[in-house]
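Which chain is which? The protein sequence lines are A, B, C, D, E and F, in order. Each residue of the first sequence is one higher than the last, beginning at 4 in this note's numbering. Each residue of the second sequence is one higher than the last, beginning at 4 in this note's numbering. Each residue of the third sequence is one higher than the last, beginning at 4 in this note's numbering. Each residue of the fourth sequence is one higher than the last, beginning at 4 in this note's numbering. Each residue of the fifth sequence is one higher than the last, beginning at 4 in this note's numbering. Each residue of the sixth sequence is one higher than the last, beginning at 4 in this note's numbering.
Think of the hints as simulated: they come from the structure by calculation, not from any bench. Just to be clear, a hint being listed does not mean it is correct.
Since the list can't tell identical chains apart, any single copy or any two copies may satisfy a pair.
Claimed, not checked - No more than 16 Å apart at the CA atoms, straight line, and that leaves these computed lysine to aspartate or glutamate pairs for EDC-like:
1. K137 x E196
2. K10 x E138
3. K165 x E6
4. K224 x E196
5. K165 x E106
6. K254 x E227
7. K224 x E103
8. K257 x E227
9. K10 x E203
10. K254 x E103
11. K257 x E138
12. K206 x E191
13. K193 x E6
14. K200 x E227
15. K102 x E6
16. K165 x E227
17. K193 x D134
18. K200 x D159
19. K247 x E6
Remember, predicted model here, so these are calculated numbers, not experimental data.
6 protein chains.
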Amino acid sequence: MRENNVKKIVAAGGNVVNGWLGVPSGVTAEAMAHAGWDSLCIDMQHGLVDYQASVSMLQAISTTNVTPLVRVPWNEPGIIMKSLDAGAYGIICPMINSKEECEAFVGATRYAPQGYRSWGPVRGMIYGGPDYAKEANTTLLSIAMIETAEAVANVDAIMSVKGLDGVYVGPSDMGISMGFGPGFDPTEPKLIENFKKIAEAAKRHKIFAGIHCGSAAYAIKMIELGYQFVTILGETRLMAWAAKNAVTAVKAGKPNPNAP
Amino acid sequence: MRENNVKKIVAAGGNVVNGWLGVPSGVTAEAMAHAGWDSLCIDMQHGLVDYQASVSMLQAISTTNVTPLVRVPWNEPGIIMKSLDAGAYGIICPMINSKEECEAFVGATRYAPQGYRSWGPVRGMIYGGPDYAKEANTTLLSIAMIETAEAVANVDAIMSVKGLDGVYVGPSDMGISMGFGPGFDPTEPKLIENFKKIAEAAKRHKIFAGIHCGSAAYAIKMIELGYQFVTILGETRLMAWAAKNAVTAVKAGKPNPNAP
Amino acid sequence: MRENNVKKIVAAGGNVVNGWLGVPSGVTAEAMAHAGWDSLCIDMQHGLVDYQASVSMLQAISTTNVTPLVRVPWNEPGIIMKSLDAGAYGIICPMINSKEECEAFVGATRYAPQGYRSWGPVRGMIYGGPDYAKEANTTLLSIAMIETAEAVANVDAIMSVKGLDGVYVGPSDMGISMGFGPGFDPTEPKLIENFKKIAEAAKRHKIFAGIHCGSAAYAIKMIELGYQFVTILGETRLMAWAAKNAVTAVKAGKPNPNAP
Amino acid sequence: MRENNVKKIVAAGGNVVNGWLGVPSGVTAEAMAHAGWDSLCIDMQHGLVDYQASVSMLQAISTTNVTPLVRVPWNEPGIIMKSLDAGAYGIICPMINSKEECEAFVGATRYAPQGYRSWGPVRGMIYGGPDYAKEANTTLLSIAMIETAEAVANVDAIMSVKGLDGVYVGPSDMGISMGFGPGFDPTEPKLIENFKKIAEAAKRHKIFAGIHCGSAAYAIKMIELGYQFVTILGETRLMAWAAKNAVTAVKAGKPNPNAP
Amino acid sequence: MRENNVKKIVAAGGNVVNGWLGVPSGVTAEAMAHAGWDSLCIDMQHGLVDYQASVSMLQAISTTNVTPLVRVPWNEPGIIMKSLDAGAYGIICPMINSKEECEAFVGATRYAPQGYRSWGPVRGMIYGGPDYAKEANTTLLSIAMIETAEAVANVDAIMSVKGLDGVYVGPSDMGISMGFGPGFDPTEPKLIENFKKIAEAAKRHKIFAGIHCGSAAYAIKMIELGYQFVTILGETRLMAWAAKNAVTAVKAGKPNPNAP
Amino acid sequence: MRENNVKKIVAAGGNVVNGWLGVPSGVTAEAMAHAGWDSLCIDMQHGLVDYQASVSMLQAISTTNVTPLVRVPWNEPGIIMKSLDAGAYGIICPMINSKEECEAFVGATRYAPQGYRSWGPVRGMIYGGPDYAKEANTTLLSIAMIETAEAVANVDAIMSVKGLDGVYVGPSDMGISMGFGPGFDPTEPKLIENFKKIAEAAKRHKIFAGIHCGSAAYAIKMIELGYQFVTILGETRLMAWAAKNAVTAVKAGKPNPNAP
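For reference, chain A alone in the conformation it holds in the complex (with noise of 0.2 Å):
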């Protein structure tokens, strides 16, 4: 089976830096295929993105060797496996808030006798090559967003689930739950405290910790931290900021550093 170049990074130890997607055209998932991610995420929960248009995204992202996740929308077996089946090589869950939400969604990633998803990986097999049924539960990543205080209260209990390959924070929800409000980036030391600690439980439950950053320094001072699989903004929020710089700096009459 192709290889998992998330699964493979994170166990030499090293970083991935991940692209997240939320056009739904596999013309923009192309483009950003070729611009040096290690694996790229289609968000199904906030991007613009449905399962349709995620299956034009997967073919495109195959053109290259960058590893394809998906963000599904909910804690949901029929999208959970329907998105495995198109091809992704990992599923990141949001608001996965207990044990048994975690069981829940690992199980629905997992043929029996680990889980209980069911058969018919038509375009995985395509993808992944013939030996998917019996490479499959090992390659495929289950990844558990832990994005409420309620989840970093049960987060022992969350990571102990077996089968479970990493957690990824998302720092906007984290801050509503805590009262903080959304934002990019946040530097509320009771939120670095809450980061700090999901980061040292994955390394004790052996499962790696990826977070959403809204700048490269973000995502350096969180590698830092421990965090083996970050991401920075989304294909829109990129082209929004270099827009809006390009057009600044001709409005302006005076380039600068932050527009090409």
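Given chain A's structure and the hints, the job is docking chains B, C, D, E and F onto it.
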């Protein structure tokens, strides 16, 4: 009829900062429409965009006051008229090399007796307003691309076509036609010479000159040369530029100003 | 944050005339958005519309000031949150039969501590404005459908759920649940009795009541009954009604007022 | 080969009541196919419809016995042949102003030796039947639009083209070409004069005449003038007409016959 | 209401040869609808098909008399009801392992008092006919998948659910749940034993049994075992099988009977 | 620049086994790309495929090493250039009957000074590589269809056009033009005679000859006649062939080798 920003800015002696769309999606189009551009051109020639996607993109742009333009694939009446009917407020037509080609192009954009456009602005009237029939011929822009040595030789004949509002320079095709190859932001003196000639001729014919640029710096330089309509890259390249810089920064462990 | 027309009209004691969209197309959505409705509801339950089409439709509606609502297929957090993130300014949720169901629904539409909505209003913030985080909980509408005898029995418990803004009656399902079968604009006294009870309960709970109608005449009657939010058919039935009348008129050789 | 309703009705001296489709959706197409029209024309010229959407629409129409026609964007062999291959049972071609243009058009719709259509009716044969090769040239309709003063001047030359089955009048373009401006259902005597001339010429050449109408009343009048093929508006305008009437009625608190 | 072929054939003691659709396209669906199948099932579980594509596919199938079925991704009321509203004449629901799951499933497919399906068969009524309200509960099929050892253990409880019309066996999931791994057309005695048990139980409960097969030979064998509803592969595998055989034949320079 | 398999195989004296795509879907395209073909041609002429779908299909093919070709609807620069920009590695152009037509075609596929292709290979460069500007003119294939008696008469003039890489025979159109009607795999001696002439002329002009076949057997025969590029049917016919055979086998109760 809804005003045409490009026409208004140019008439006031200002400069239009134009964005460029090559992704077949209303999602990227709407995000770009919020990035500060005065106008946005949907590129149906080299962009990966066909007519049906352009309709969604025109709708997405219409959620703002940004003026929507369309570059058609070729000088062909069917697609020119369809694009105007869908609500484009101007057409950029590639490869206009002679007066005859320019007349055919401009004629397709105007109702009789100025041209031979067929009536039926199904979405154009929704966007433009109920007085479309009366105002369309003087509100919508007809912009011819000057992008070969032959076109430069015929520049006065081309620009003398009644109803032409502006010209748009394609530096890469101009470079190829002169034996220098394609490329953004050329500095080759013979090309710059041609760019000057075109801007001067435009001024002489009381139409505006536009040009496709690869950077804010070059756009500023072109404005100094007399160009009143400048484009900086397209949304995919802006996205890819920021993405590559972000990945590089994180992999190097060093933030830098050309990444968020 | 951009104002919510429905909320404003209802608060001022007025009546909302709401349009209904079941065609998966931004083209019909934009045409309907120019037909005079105060709000438009995209019907993802019985309409032939899925999430991806709804995004284009929301963009099309956003070219005007008409307030966009979405009826979700079922009381499921994934699609409720996706629809809000895409820019819906209110959710109509089918088949709310108990307080628990209503709490689950309303919770999915509110950020903590009022609910458990996850942060990431990618298009919602483009549409609503930069103060979305602060204002969303009080701007977006949560509307529960009351459409069974069971729901009528539980109407006070349902309406007591904090954060619920309104209820919406589905006469056909109500008719089926009471043994009368489906149908527009019922006159069966027991149904009318229930409609009255619901309107009165809504007034008691200081929320608004809405209802799906099959004709202008019935909508007017329902307004008299206390309903402040009335829908007349959907765009497909309006089209089919006018089309059939036009064909009939021409085939009969006699124009008549119910055809153009 | 499946019979062509339009051909059959016209041959029997009857009148065809034709519907018009400008929404790129199989959903509206199917609803219109159940509204009583004898035939439905997909408008790829001024409608917001491109080829790919037309395929879904042709399938939707094929769920009924309504005869599917396509108006192409322009007199161009590529799209004429693609539309026939997709199962259109007739082509309406805009802006035929001369015999030569008419010959080019009709030739594109016929296999050699009558024309130069290329073989490959991939869906046409599924829809039409296995004897397509033998019957297509005499079953499919070639309909030229007569919509300028120039075309009226050349009407006998145009109608003399062998294989032409009918003509279709575009009143708005005719109005523009004669200096009266666009508009449905004109009463200007010079236009009516031309409409008469065209109907008479059609009778003389043993082909049928059709016309685009804005109301049932006008269609009835045109039938009296000798037109055997009449269209009343398009699906979007029918929908918008009924929608606006419904909103107005409810807002006025008074039902009226031109709203459901 | 339009008759249900599957119901009719099964009632007459015949066998249904069912085709399987996993490509999200009306084009393949229409071609398959002309290939001789009695019914066609759109696979929204493992096929690469989402709801919006399924609507086009249902329309394409409706150009013929082939009965359309849908396999939903999971036992979830939203998608079950949406599929029926779109015109499916039966639902196959995966992974029914208990009586409770079966009741939830069947309830979602029936109007009260038999179940809790919500009214609004927008396309279902176009396809089925005006007496849909009266006939739907007895015309549409509810088919539960029996595909785990657990389900076999509970087979009588599951089949005792009122309103269940048939069961459908997934050999691969059954194989996995019993420790034999996935695979078409298994010969493992313990699996065959289970297949027999299921067919016998179905007979006992007066419902029909169906099974997914990988070849005509196996389908014939299953019919002998008492299965009245057999599927042979899906359209993609049929295509790939013929394609690979054709390539191999040409590369070998030797035609052979398993390639055209 | 990425190598062109077709060019390489032909240059080495081998034979290209080409697959044919008429379904507008990346799903079928990807499945066909895994079936062993050397190249795949997206048929935008008679296939039910438009430009936007072709982009997804080109991406799907690009997940493998199969070389992507496009047959354009007609000899028109807009779509020829758009297809190359989208990543096609060769264009098959229908109905080339004269030297002038061939020159217009080949010119549209080459950058100056060899032709008049416009620069902007947005996806072509992603697929081909950064040296696209330098290598495109010699890497991409220009293939003219020879499919009428007139074209056979002009075969030497057509083949003498500089830059033409190959010709492709359409047996059905050739049959029609010679009075024999359409049909796969003709045995009519006058047609075979023409096929021979074309293959010999191609050899004389040092370009390759290709032909569309209905069976492996015929393809093998054509290779013997000197054709180095053979297509066997299209994906829809391969699917339908296997599907019909499977249904027939099950209904007859007898498996047979031409069904799986």
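> Hint by hint, which ones does the structure fall short of?
Replying inline: Structure breaks hints 1, 3, 7, 9, 10, 11, 12, 13, 15, 16, 17 and 19.
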